[in-house]
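Engineer: Since the structure of chain A is already known, use the hints to place chain B on it.
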Amino acid sequence: MLSLPLFHTMALAGVLFVLGLIGVLVRRNLIFMLMSIEIMLNAAGLAFVAAGARWGAPDGQIMFLFIVAMAAAEVSVGLALVLQFYHRLKTLDTHAAGTLRG
Amino acid sequence: MEIVFYPVAAVAVIATLMVIVQTNPVHALLYLIVSLLAVALIFYLLGAPFAAALEVILYAGAILVLFVFVIMMLNVGADTIAAEHRLFHTGIWTGPLVLGVVLLAELVYVLMTVDVRTAGGAAVEAKAVAVALFGPYLLGVELASLLLLAGLVGAHHLGRGWNLDRSAGGGA
Chain A
1 MLSLPLFHTM ALAGVLFVLG LIGVLVRRNL IFMLMSIEIM LNAAGLAFVA AGARWGAPDG
61 QIMFLFIVAM AAAEVSVGLA LVLQFYHRLK TLDTHAAGTL RG
Chain B
1 MEIVFYPVAA VAVIATLMVI VQTNPVHALL YLIVSLLAVA LIFYLLGAPF AAALEVILYA
61 GAILVLFVFV IMMLNVGADT IAAEHRLFHT GIWTGPLVLG VVLLAELVYV LMTVDVRTAG
121 GAAVEAKAVA VALFGPYLLG VELASLLLLA GLVGAHHLGR GWNLDRSAGG GA
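Note that the protein sequences, when read in sequence, are chains A and B.
Residue numbers are given in the working numbering: position 100 of the first sequence equals residue 100, and the series is strictly consecutive.
Residue numbers are given in the working numbering: position 24 of the second sequence equals residue 24, and the series is strictly consecutive.
Isolated chain B (complex conformation):
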């Protein structure tokens, strides 16, 4: 198993390093997605398939889409077409592509050779997580729902002010 863990860890560290040294937000987002997928594979290796699925669906799927939307909203302008030509050349997407291919190869290898339920018997399945989550941690679930509601209200408040301001400025 160590033969799988260390390349994935290297992919995660390299991708994270590329996130913080990139100058273009979209390229940094690509590397961040690769890093999150690598961490998801590590979760799977650690015997936490539920956390791995959540990492892919929520982190790489939902939270980073928010980043993509905001970057899209900030980049509207006349130079979008020229920027697209500048962005889409080979040197840009080879880095995430190579790291992603390494991840895919390891994922196929893991799925072919390892059964997470039988290898060692230490895997914590989604059922155990759910039993504990809605048992002793029920108050935490309620607090998390309140936190998400507060985030929803706060984001709506700030975003609505931005839209009203912009339409008012455009009208004037």
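In isolation and in its complexed conformation, chain A is listed as follows:
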């Protein structure tokens, strides 16, 4: 339906993915790292939907559905871990958890 080439939507998905990757790499706040992971998952879903729309196949949207289900499961466990992290260390700085206690 869009007459623009697949490259443009894929480039947008790539830009969003790299922005999320930069967020994971440069931020030290756990909440921001989780948000950046959400950005990356969303960019992957955009790539799937764009490829599915290019060939008129429903498979892209199905993969997007699975990505959304996976993101929901991941973010629920991740946010519960954030609460545990904050309760134990009184901070959201990931460097505070740099030492193992064995």
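What the hints contain is simulated information worked out from the structure, not anything from laboratory work.
Computed from a predicted structure; not experimentally measured.
It is possible that some hints are incorrect.
Said to hold, decoys possible - The calculated lysine to any residue pairs, modelled on SDA-like cross-linking and capped at a C-alpha distance of 20 angstroms, are:
| hint | chain 1 | residue 1 | chain 2 | residue 2 |
| --- | --- | --- | --- | --- |
| 1 | A | Lys90 | B | Arg160 |
| 2 | B | Lys127 | A | Gly56 |
| 3 | B | Lys127 | A | Phe66 |
| 4 | A | Lys90 | B | Thr23 |
| 5 | B | Lys127 | B | Pro49 |
What the hints assert, rightly or not - Covered by chain B, according to a simulated footprint, are these stretches of chain A (three or more residues, beta-carbon under 8 angstroms):
| hint | segment |
| --- | --- |
| 6 | 37-50 |
| 7 | 66-78 |
Even for Gly, the Cβ is constructed at its ideal location relative to N, Cα and C.
Structural biologist: Just chain B now, with coordinates in the frame of chain A:
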């Protein structure tokens, strides 16, 4: 159609960039919601209205509400009122507001000018998605339900431990 796509793509990229450079989690969440809505509009433009609806309902509606709850739980304290005064001034919400108005204008334009079912005939409707989802991808649906169950059990386990610990600490 390209005249619609590129501004939405710009809104998505700018909002995502603002997410990773913000210092306040709530402001980052606002920009993240704008970014997800922009991606939903792109899904609609690509002829995937079902995925667009899911993006709004599940991503911007459900998953980000989890973030809001957690940020609320982490920010309780005596300085909440002072922080509210500090947060709610004009400079904070103009960015998401401007990007959201751009999105709204494009959405109205798209809904007025384009019919997703007839423009090009390449749209993949929800029916085709459902037929494929409960046909060859049925095993994937079952696995996704198992994954969600595992996420539910894991989140309950971790969250329950947190609550018990806190009430025990408060009692002691």
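Engineer: Confirm or reject each hint.
Structural biologist: Results of checking the hints against the structure:
1. A/Lys90 - B/Arg160: holds (18 angstroms)
2. B/Lys127 - A/Gly56: holds (13 angstroms)
3. B/Lys127 - A/Phe66: Holds. B/Lys127 to A/Phe66 sits at ~17 angstroms (cutoff 20 angstroms).
4. A/Lys90 - B/Thr23: The given pair, whose Cα atoms are some 18 angstroms apart, holds under the 20 angstroms limit.
5. B/Lys127 - B/Pro49: Holds. B/Lys127 to B/Pro49 sits at ~11 angstroms (cutoff 20 angstroms).
6. 37-50: Contact hint for the segment 37-50 of chain A vs chain B: holds, 7 residues under 8 angstroms.
7. 66-78: holds (count 11)
Hint compliance for this structure: every hint is met.
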